[in-house]
Each structure stands twice: as C-alpha cells, then as structure tokens.
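Chains as they are written, first to last, in the numbering used here: chain E, 1 to 169; chain V, 1001 to 1442.
Please keep in mind that the hints were generated in silico from the structure rather than gathered at the bench. Hints may be right or wrong, so weigh each one.
Unchecked claim - Cut-off 27 angstroms, straight-line C-alpha distance, at most; resulting in silico cross-link-like pairs (DSS-like, lysine-lysine):
no. : chain 1 : residue 1 : chain 2 : residue 2
1   : V       : K1367     : E       : K113
2   : E       : K81       : V       : K1142
3   : V       : K1127     : E       : K27
4   : E       : K77       : E       : K166
5   : V       : K1194     : E       : K113
6   : V       : K1194     : E       : K77
7   : V       : K1142     : E       : K27
8   : E       : K27       : V       : K1194
9   : V       : K1080     : V       : K1159
10  : V       : K1270     : V       : K1286
11  : E       : K27       : V       : K1084
12  : E       : K166      : V       : K1146
13  : E       : K105      : V       : K1367
14  : V       : K1277     : V       : K1012
15  : E       : K169      : V       : K1146
16  : V       : K1142     : E       : K166
17  : V       : K1142     : E       : K162
18  : E       : K152      : V       : K1286
19  : V       : K1239     : V       : K1277
20  : V       : K1201     : E       : K27
21  : V       : K1142     : E       : K169
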Amino acid sequence: MSNVANTIFSPELAARFDHLVTLYPVKRSALVPMLLYAQDEIGYVSDAAVSEIAQRLSLEELDVRNVLSYYSMLRTKPAGKYNVQVCTNISCMLRGGYTVLEHCKQQLGIGHKEVTPDGLFSLEEVECIGACCWAPAMQVNYDFHDDLTPEKVDVVLEMYRKGQGKDVK
Amino acid sequence: MPTLVSHPDEVKVVSRRFGMGASDIDRYLELDGYKAVQLALSQGPDQMADWIINVMKASGLRGRGGAGFPTGMKWSFVPKQSPKPKYVLVNGDESEPGTCKDHVIFLHDPHSVVEGTMIAGLAIGAKLGFIYLRGEYRYLLKNVEKAVADAYARGFLGKNIFGSGVDFDIVTQTGAGAYEVGEESALMESLEGKRGVPRIKPPFPAVVGLYGGPTVINNAETIANAPHILLMGGEAYAKLGTERNGGTRLFGISGHVERPGVYELPMGYKLRDAIYKVAGGIKDGKKLKAVVPGGSSCPVLTADEIDVGLDFDQMAKAGTMLGSGGIVVLDETVSIPEFAMRVISFYQHESCGWCIPCREGTDWIKKTLTRVHAGGGTRKDIDNVQYLAENMMGRTFCPLGDAAAMPTLGFVKKFRKEFEDYIDGHRAGTNLITLDQLVGAH
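Go ahead and model the full structure; you've got the sequences and the hints to work with.
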C-alpha cells in the first residue's frame, strides 16, 4: 500500500502509482513515468506533485526536480488543454515543417511554448517525433497528425476546438 | 496514422505481419506467433541458451539501432553465472532524426517485440525484461502494454512460461523526451529514475548494466527479428543479406522522394535503387542533391556517391554509416549550409551537457553557423566549424559527440564551396530556415 495518506491525484492514478512502484527491482525506476502520468492528469508537474512523488519514492524533492528538469516533455507550468507540438527536424523541414509551424503560430496567435488566452491551445516546436516518413507531422497531446498542409492543420485545430479531437492518454 | 507502403523489391521478414492485425494476440498466434519461443524452450534447459545464441550468430544479424554490433555475439558476452540478476532491455527510444521504423513495429506487430524479449531473456538467463519506448509514443506504448497484458493472460509470461519451469516477466516503460536516452547507458540511467546521462565504458552493459547486473540491450527492430530468425534458421536469414551483414532491415525513406515510407529491403540493396525504384525517385521530377543515409548523425553522401550497397561495411567504406536506416533525401533546392544549421541546432539542443567537448562543441558550431546565416560569416568560420567538429570526435562518454561532429564534417568537407558562396552572399536554393527559426526555438 501507498505511504501517502492524502494523495493529490485521482484514486485511479494513485492506485496506478501504488502498482507501478512494485514492478521494478528499485522503486525509483518509476520516477520518469510517474512524472509524465502526473502531468497528464494535472496538466503540468506542480510543486504538490513533486512533493508527493518524492514521498512515494522515498526521494528528496531535489532529486525529483533534478530529473524533472532533464526531460523535454515535462513542464512545471500549465500548457494549453491541447498542446500542439510541431516537428521541424530534417525530414519534416524538407516537406514543409516550418510552414506548418508558422501557420500554427498565425492561427493560434501564439509562439513557441505559449498558451492561448482561453487556455485551450499551447504551441511548441519540437525535435523529431518519429514520423519522418509521414512528414510533416505534429502531435496534439499524444495524438499524431501526419502528412500536413496548412489546410489540414486548420481541420485538425478546428476538430480540437470543437472538442472532437482524440485525447490519447 | 502512418501509411503502410509496399514495393516488389521488398523482402519481408520483420515486417511480414504489418497490416495483418497482428496486434491482436489470436491473429499473432495464427501468423506463427509465439512458436519461436516454444521452439527455443523445446531445446531443453541445458541446451536452450547455446542453441539460441548459435542460431543468432549464424544469422549474421547486426544491431539495428545503428552501431551494427553482431547480436549473437552480444548475447554471448553475458556471463552464464552472475551473483546479480540479469536483464533484457529493449531500446524503443527511437529518436534519431529520419528514423521511424520502430514506430511501425510497435504499431503493427508489438507481440514480435514481446516474443523477441523473451527469447533474449532465455538466451542470457534473465528473468525480467524491459521494453522502453520514447515518451512521445504513448499510443504505441498502449499497444505494447496490451500485447504484454494479453501474453500474461494466456500464461505466456509470468511463472512457468509454456510449462517450461522458466519464469519471465516484462515491464513496459515510457521516457519523457530526450534524444540522449537512446544511448544505451543513458537509457539505463533513465530507467533507474535518473537524468539520462551516459556512463563510462567499460564496463559494458553485458557485464555491468541495469541495476549493476549483466544486461543485454538491443534495439526494438533487432529484438523483433529474433523470433523470425529462430523459426527460419540462422543460415536462411543470413542468406538474404550480404557477407557479414545478414538478413534484411527496415529502411525509412523520407524527405524529397515521391513515395516516402518504411520499406524492408535486403542488406546490401543499392542506395540508388532504394531512392529511385522503391521510393519512386525525387519528388516533382527534381534532381537529387544529397542523401543523409542512416539518420541525421551519418555523414552526407553527394548525388554521385549513391551507388553503394546498404550494409554496414559498404557504407563504412563509402565514408558514412548505415546507422538507423533512416534515409533522408535532399533535392537540388536544398541549401546545404542551412540544412547543416538545422542538424547542429538539434544536437546542440539534445546534448545532455555531461561532457564538455559535446556541450561546448555543439554550441559553438551552432553559434558560428548562426553568424554565417546572419550574414556576418567569414571563410575562417568554415575552418573553425571543421576544427571544432574534429576535436569533438572520440572525446565524449557516449557517441552523441561523434553523432554531432560526423555530419557536420561531412557537410563542410563535401560542400565547402556552397558554404563559401553562402558567406559571399550567393545563397543557393530555397530558404529552408530563417534566422529567427534557427535561433528562435527551444
């Protein structure tokens, strides 16, 4: 059972964490997934999340923050409900990745790592996401959108605006 | 969703089940699934490990992550007796720009990775395997998690697998965004819940790896090949490829081609044919300028250098690498200096900062090329870029330093004239990347 009395996470996630730490020879191994799953639930890795994860893994908060700051997907500030991540690495660049990025900036009215005023979207330029053969590509949260054009981007953004986008978690 | 492509020149081994619904365990079983692991177990507890390793050695399979180390030999290096538990670690942290082959394996045939992990475990006497996927591959992680759960539900994993008396467990793991973690020792650090910085070698993972125990770490494609190789026999697999380069491999052809996609071609297949026949030639009838043949860390080949066979040895002879099989094709409109800027910008961003030559080298190369882009470059800058890259080579804990230096050297050596013209204000090609874009991100 968990060593945490009052969890800040949902009962489902708390139960998942209780299980996760039992899978490894060393429970600290659960740290990176826990940070990511915590972020999936609350939108970012909050101070309270750092504190509880440290407690669950019997680590110092500093140890947790030290790991947290290393990984590019982890953030300590809220992103938009839908985080749009546009790849501009070589394969995407050659097929219009920067056009897609500029189009997103224009349509959303925000830049790299910014959030729209209504909190619905955030935008990020990211490095290779492993969709090179279906370039240019972007991810909205965890969902991939391939073979993009500015017109296709509009369709994708509209889908999320209407709440009809897939939300892979 | 990735589009599946096909070409008559393909020889399908690891991609045999793609598009056939093999994520479903029953369908996988219909398609010879979990037969290889049972065949291995049927050799008996005394012969099993040696039998597997001998078949793998005979297959000539070399690591598909990029280094090309013979898989059977790697497995044989793990000590038979070990006071510490042994582990199998599957590297699915696919992050090399230009590479998306493991993506399709996890999507179309996750059980082959599960079964391959079991086979590697039996070969080295491990009881626990980890399948590590990059954080961005969440939907693929779910596919692999389902495959693992279904295998447990059938009793293929856990205690006494297939009634053999052998126990084997698999844990799936997600990263959270870091190119560096694709390096084997950095991946182990990450899996131990730490920052993904590399470890000094030796000792090698086969002796001291995950949690200090002997560990076999293989690329996901390498692992997914193992069940096929056991079923078809090592020699039969070897025969598909060239000498010392057994079998086939997945090539992701991207960039300026008509039919980009992941194709399975025999080792030694001609790069020219991969581009012009398989991928349909250069997009929109343009001319070829250059090819990055195995992911962004491989030195570039010019249009005149593509009559080379796609195997580890022929590519090394041609002064480049087969790498991760990510073939990125550049047409005549590409400005090489700008392409080089984007490549170094990536490595500068992804350097973990642990070793000074890589951390400082990538940063200074990026700064220098940024000045060139801004119009303030001099010819001496080209020399400086080359000097910096040459001094990064072989001076870092992990291959990322080389991975950043090698393509840079390729660009400035093979396309020096284009850099000079660029500095002189004659900027060939379309504007690939603006100055704002070069310095703006990250």
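Verification of the supplied hints:
Distance check on the hinted pair: K1367 (chain V) and K113 (chain E) sit about 22 angstroms apart at the alpha-carbon level, within 27 angstroms; holds. Restraint check: the Cα-Cα separation between K81 (chain E) and K1142 (chain V) comes to about 21 angstroms, which is no more than 27 angstroms; the hinted pair holds. Distance check on the hinted pair: K1127 (chain V) and K27 (chain E) sit about 18 angstroms apart at the alpha-carbon level, within 27 angstroms; holds. Of the supplied pair hints, the one linking K77 (chain E) and K166 (chain E) holds, its CA atoms being roughly 23 angstroms apart against a limit of 27 angstroms.
A threshold of 27 angstroms between alpha carbons decides the hint, and for K1194 (chain V) with K113 (chain E) the separation of about 25 angstroms falls inside it, so the pair holds. For the given pair, K1194 (chain V) sits about 21 angstroms from K77 (chain E) by alpha-carbon distance, which is consistent with the 27 angstroms threshold. Taking the CA atoms of K1142 (chain V) and K27 (chain E), the gap is about 22 angstroms. The hint holds against a cut of 27 angstroms. Distance hint between K27 (chain E) and K1194 (chain V) is fulfilled; the C-alpha atoms sit about 12 angstroms from each other, no more than 27 angstroms.
For the hint pairing K1080 (chain V) with K1159 (chain V), the CA-to-CA distance comes to about 21 angstroms; that is within 27 angstroms, so the pair holds. Distance restraint check for K1270 (chain V) and K1286 (chain V): the Cα-Cα separation of roughly 20 angstroms lies within the 27 angstroms cut-off, and the hinted pair is therefore satisfied. As the CA atoms of K27 (chain E) and K1084 (chain V) are separated by approximately 17 angstroms, the hinted pair is consistent with the 27 angstroms bound. With a CA separation close to 19 angstroms, the supplied pair K166 (chain E) and K1146 (chain V) stays within the 27 angstroms bound.
At most 27 angstroms may separate the alpha-carbon atoms for a hinted pair to count; K105 (chain E) and K1367 (chain V) meet this at roughly 25 angstroms. Our distance criterion of 27 angstroms between C-alpha atoms is met by K1277 (chain V) and K1012 (chain V), whose separation comes to about 17 angstroms. Of the supplied pair hints, the one linking K169 (chain E) and K1146 (chain V) holds, its CA atoms being roughly 14 angstroms apart against a limit of 27 angstroms. Of the pairs offered as hints, the one joining K1142 (chain V) and K166 (chain E) holds, with about 14 angstroms between alpha carbons and a cut-off of 27 angstroms not exceeded.
For the hint linking K1142 (chain V) to K162 (chain E), the alpha-carbon distance of about 26 angstroms falls within 27 angstroms, and the restraint holds. A distance of roughly 25 angstroms separates the Cα atoms of K152 (chain E) and K1286 (chain V); the hinted pair therefore holds under the 27 angstroms criterion. With a CA separation close to 23 angstroms, the supplied pair K1239 (chain V) and K1277 (chain V) stays within the 27 angstroms bound. For the hint pairing K1201 (chain V) with K27 (chain E), the CA-to-CA distance comes to about 25 angstroms; that is within 27 angstroms, so the pair holds.
The hinted pair formed by K1142 (chain V) and K169 (chain E) meets the criterion: a straight-line CA distance of about 9 angstroms does not exceed 27 angstroms.
When the structure is compared with the earlier hints, no violation turns up for any of them.
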